[in-house]
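4 protein chains.
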Amino acid sequence: MIRFDSDYTEGCHPSILKRLEETNMVQTPGYGEDEYCKRAAALIKQAAGAPEADVHFLVGGTQTNVTVISAALKHYQGAITATTGHINVHETGALEACGHKCLNLDTPDGKLTAKQVEDYVEAHFADESFEHMVQPKLVYISNPTEIGTIYSKEELKALYDVCRKRNLYLFLDGARLGYALMCKENDMTLSDIAKYTDVFYIGGTKVGALFGEAVVITNDELKQDFRYNIKQRGGMLAKGRLLGIQFEMLFEENRYFEISAHAARMVEKLKEDLTNMGVTFYIDSPTNQQFPILPDTVLEELKKKYSFSYWNRMDEKHSAVRICTSWATKEENVDELLADVRKLLKA
Amino acid sequence: MIRFDSDYTEGCHPSILKRLEETNMVQTPGYGEDEYCKRAAALIKQAAGAPEADVHFLVGGTQTNVTVISAALKHYQGAITATTGHINVHETGALEACGHKCLNLDTPDGKLTAKQVEDYVEAHFADESFEHMVQPKLVYISNPTEIGTIYSKEELKALYDVCRKRNLYLFLDGARLGYALMCKENDMTLSDIAKYTDVFYIGGTKVGALFGEAVVITNDELKQDFRYNIKQRGGMLAKGRLLGIQFEMLFEENRYFEISAHAARMVEKLKEDLTNMGVTFYIDSPTNQQFPILPDTVLEELKKKYSFSYWNRMDEKHSAVRICTSWATKEENVDELLADVRKLLKA
Amino acid sequence: MIRFDSDYTEGCHPSILKRLEETNMVQTPGYGEDEYCKRAAALIKQAAGAPEADVHFLVGGTQTNVTVISAALKHYQGAITATTGHINVHETGALEACGHKCLNLDTPDGKLTAKQVEDYVEAHFADESFEHMVQPKLVYISNPTEIGTIYSKEELKALYDVCRKRNLYLFLDGARLGYALMCKENDMTLSDIAKYTDVFYIGGTKVGALFGEAVVITNDELKQDFRYNIKQRGGMLAKGRLLGIQFEMLFEENRYFEISAHAARMVEKLKEDLTNMGVTFYIDSPTNQQFPILPDTVLEELKKKYSFSYWNRMDEKHSAVRICTSWATKEENVDELLADVRKLLKA
Amino acid sequence: MIRFDSDYTEGCHPSILKRLEETNMVQTPGYGEDEYCKRAAALIKQAAGAPEADVHFLVGGTQTNVTVISAALKHYQGAITATTGHINVHETGALEACGHKCLNLDTPDGKLTAKQVEDYVEAHFADESFEHMVQPKLVYISNPTEIGTIYSKEELKALYDVCRKRNLYLFLDGARLGYALMCKENDMTLSDIAKYTDVFYIGGTKVGALFGEAVVITNDELKQDFRYNIKQRGGMLAKGRLLGIQFEMLFEENRYFEISAHAARMVEKLKEDLTNMGVTFYIDSPTNQQFPILPDTVLEELKKKYSFSYWNRMDEKHSAVRICTSWATKEENVDELLADVRKLLKA
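Residue numbers (this note's numbering), protein chains in the order written: chain A, 328 to 674; chain B, 328 to 674; chain C, 328 to 674; chain D, 328 to 674.
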């Protein structure tokens, strides 16, 4: 079985295992107060051009989303999100379990627009029953989104400007941030992300780490007492050094960006070749998740050898599936998949 | 100012105040364990043809919704609701504050269909990531809905059947139940409601009481320890007798139904006359909430004398507004409103 | 059965019912935005010498406690309370259901001392694992306490000073506030309460109203968006006028204080006479709850005619019980009880 | 700096790193549905003599405690715990953040007794206001406790019997379980733990793993839908294989028990030698946490070279500190510490 069903099918970048071995018997204090975490935080602040930021390391994405959002909100406030947002769909109501409502806005492409957000907030406060509704206070976006699309710098800046104007926090979920930043269509740097958000996270789990997400807080209002929140939401790893070591390795020698670029190359090859075969896509994704539409008969054959995620029925005989590349994708596997698809489509 | 903006603009049916006075200095135990509550519960069980039901009295609608729903759900379960459902829109996230997500289904008329519910539940359990999503366990409907529409007996039974088949609870919010049961289009009795739901409530606040909602639980699974939930959610009134006395008065001598019928007569007059004037409606509501579409210029004039709720902009020059009748609506006020609208439309 | 088991065994002061009748068919807007609420708030601000305060009306005590406390706290913060505090013992974990921990301090008399609070807060922040513990942020006290004791002005001021110094909020639960203010030992006015707390509430349910608690917020930090919290916690009464009318009646013509003074006179008689009979008390309470220790045989006889609350076993043959007076206590009933106790003790 | 301040100062047992390397590029499905997790679960069930148990792997202790407890409780139910219990003291209110109260019982040694639990539950249901208090439903114990003490088989069985009788769940927090099972005073096996609890967990973080806790559920009532809870509470690791691999290594070749035995040997040496020097202890702990009482002057010197946790001031000149050994403790470090203490005490 060759797996393309997700971007977390392998372990981690070899440099991480090597470093874990080298440091294994070094004694450190716990809970992220060790030297590895400090250095990793420094590397990230440097890469993000955000020397004043606070950096915290958490274990997984759902945990990170609820910790950040619940830390930012009062009980009666909620998070604006695309209806397709991860917090709204795929976290088993973790945010609601912290008491907060997802305020859903429908989008064609998984991306919120500045206008949408502004209209929503304006409508809230204009309503005579506004106190009977959850107050919007934070905007949650993911980049890339859950369906692979990305924000342009202009779009992000516009969202950030609305947030400033309307007294909202802008939080960017970067579970796959590397794959956004290194794709061909992207026009943003990590510094832009830091500049045009109040808080964001850099995903490790899907981009070369065993696990781990690095939260970068640039808005001072969100910095205070953040570690209480991490502990309360179960995200404070006793051996925090593991997170420090991983992000040190990822942010040394530009590694995070280079391994993301590999995934981008693999996906471009995939996308281009499939397009050349006449395959169309459920959505035009520029990043490491692709949603080709294929005949069910072809998919049936492919399933014997490859894993991918079923996404959507398109018509009686065609379905969209999700195929992921990652830092770990082997080019020979992509080639093999493409050859098989070509053969099956011709048959 | 003549008020048509809601169905809780007056105090209560005079029989209630009279009874409060007669009993004022009688000493009773607290927290709903008095004789008035017992008798009121007996009257309601009789009226609902549900001798085995448990009846509890709470103070308000939001409180009742969250108490019932959170009592029925485990932490990872949620409530299916129309997107327009009161719990989703107008309770400031009270249900989420108890940890539970609203699972929203879009509807044209505020009513869930059995098929919609079944498809949603089927899709949930068919999804390979089902554990990453909130598990649907309760179906929340309101009758009449938030936009005045009502369920037919057949529709309710179909929902109930799906709930049995899919192991869901069916909860009916009857904040305005009297106005549904006594409207011309209705084909259900209170017994039907009791028969085809697992739990429902009979609204007092909007139908003749000062305040108060009577929860009727027919499913044994939902009966256990319910009073702990009432207390935890802040709904256990110290002087519970006040609730008992009010529901005694409402369910003595068929009063609840008779005063609801008055509201129905008032609304029929309103609807018929407006229709005759050529007025159209935002939605075809058979109950005490009407949503006429009127020229903004007419509304501007009406506002000087009447209160109503702004509902929706229809085009550049027309808006829908909400006009409510209730048990307390004076016919002369309806007549006056109609005369004024007629005059303004002609002008 | 003559009831002494609680201070909410009767309805309400007759002036309230009279006013409810007079205003019954007057139309008002809902949710506490009517003229009665405005006037009641004005009367309370005047009585409390706090013209800048915000006043909100809620329905019951548990609801009020959780609404105020959860509004004041971030998720990782908790409320310091005496272990005997109502929020810790008798609210079915309502505060925890909002996500907040009770930080319990043991006391001999139900009262927190300034030193206790200061030591606790100092210890919290001195602990190297402070982020692994709930951060203390609010101090909850009740006056009178759950066992009838009261704070002196000096004690309250000392607590308030510590709260200022340590950046804590001081919240006073005044479910029975009238009975504290009008008892012989008291040296505080309502203005002192307003001056030396950040927020407090004036209990109506136990002091002459059918129901209702008036929250008085003097600290600006706690004022913002408070109504969202009321709605979310289920405390926003649709017919808010009912609360306005009740507190208008209680704060017109000094009524709240006068009816409280009646309860105080009744309890003094009770206490003095029992003491003269040689009866001792579980705790020396100066307010309307008394905890006499009586032989079980005497209690057995009294139970046939009177209701009271069992409190604590003292030895094999004696128990403490709770006896309450209130605004509604009839002097003849007190006399009868005293006569019966005297007779039974002699027998 | 030689660290004795906790039992998580090093990385992990070398076999784990080795296996992580060997399997690093193997592709697996995510979220704990891989072959490593399956095999690890099988090994644990075998070691625990519990073939019918469900085994789940979570990341950390706080997360595990709240996931298990909140999964077992309805909203109005709480967990009985020693006041010193980890859930009550050192989890930043994580359980309360899930809506549940800790029901604290004071103990001299961190251990709950069967009688204590039974008395508490009996008192709850005997109280006439029982619905106004949180209902006890689960008993939380830790073995070893937070202060190093352990349960005997007889004590555990007695607790389990009370739980059966009173319809409670018994949950054992085994964050340091290996150190309890392998200490000299212990009379239980892992099978006994499985037999006399409804659910427990085997700590990896403090016993040889990088991180990870293995939850073992033996009571069928607690098995259903458990993975929803894991996901909702942020504990479902994307690369679940990491947990599987670690527990495979720990439960292959008896490793978990052997490395625990090493910690036991180290602590025995420490305890015996200190005792021989005349040192007394804050509490008589048979496990890897020791609480010697030493002169502050001695501690001041030791701090320059060793880390340990400050525990409690005993008198003006003496303090208790916590010293931990673990699977990773080097005997030469223990020897050095003992030599230094001996020298300093003589000086």
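Among the hints, a few may not be true.
When chains are identical, the list treats them as one kind, so a pair holds in a single copy or across two.
What the hints assert, rightly or not - Straight line, CA to CA, 25 Å or less: simulated BS3-like cross-link-like pairs of lysine-lysine:
id	residue 1	residue 2
1	K484	K598
2	K632	K401
3	K598	K673
4	K596	K630
5	K670	K372
6	K657	K345
7	K401	K550
8	K673	K644
9	K673	K401
10	K550	K492
11	K631	K644
12	K631	K365
What the hints contain is simulated information worked out from the structure, not anything from laboratory work. What you are looking at is a predicted structure, and each value in this text was computed from that prediction instead of being measured.
Hints, one by one, checked against the model:
1. K484 / K598: neither (29 Å within a copy, 50 Å between copies)
2. K632 / K401: neither (49 Å within a copy, 39 Å between copies)
3. K598 / K673: For K598 and K673, the Cα distance is within 25 Å only inside one copy (18 Å; across copies 64 Å).
4. K596 / K630: within (21 Å within a copy, 59 Å between copies)
5. K670 / K372: Neither. Shortest intra-copy (48 Å) and inter-copy (47 Å) distances fail the 25 Å Cα cut-off.
6. K657 / K345: both (21 Å within a copy, 23 Å between copies)
7. K401 / K550: Both: 15 Å inside a chain and 13 Å across chains, each within 25 Å.
8. K673 / K644: within (16 Å within a copy, 59 Å between copies)
9. K673 / K401: neither (58 Å within a copy, 51 Å between copies)
10. K550 / K492: both (21 Å within a copy, 23 Å between copies)
11. K631 / K644: The answer is within: 19 Å in one copy meets 25 Å, while 61 Å across copies does not.
12. K631 / K365: Between. Shortest inter-copy distance 23 Å satisfies the 25 Å Cα cut-off; intra-copy 46 Å does not.
Of the numbered hints given earlier, the model fails hints 1, 2, 5 and 9; all others are met.
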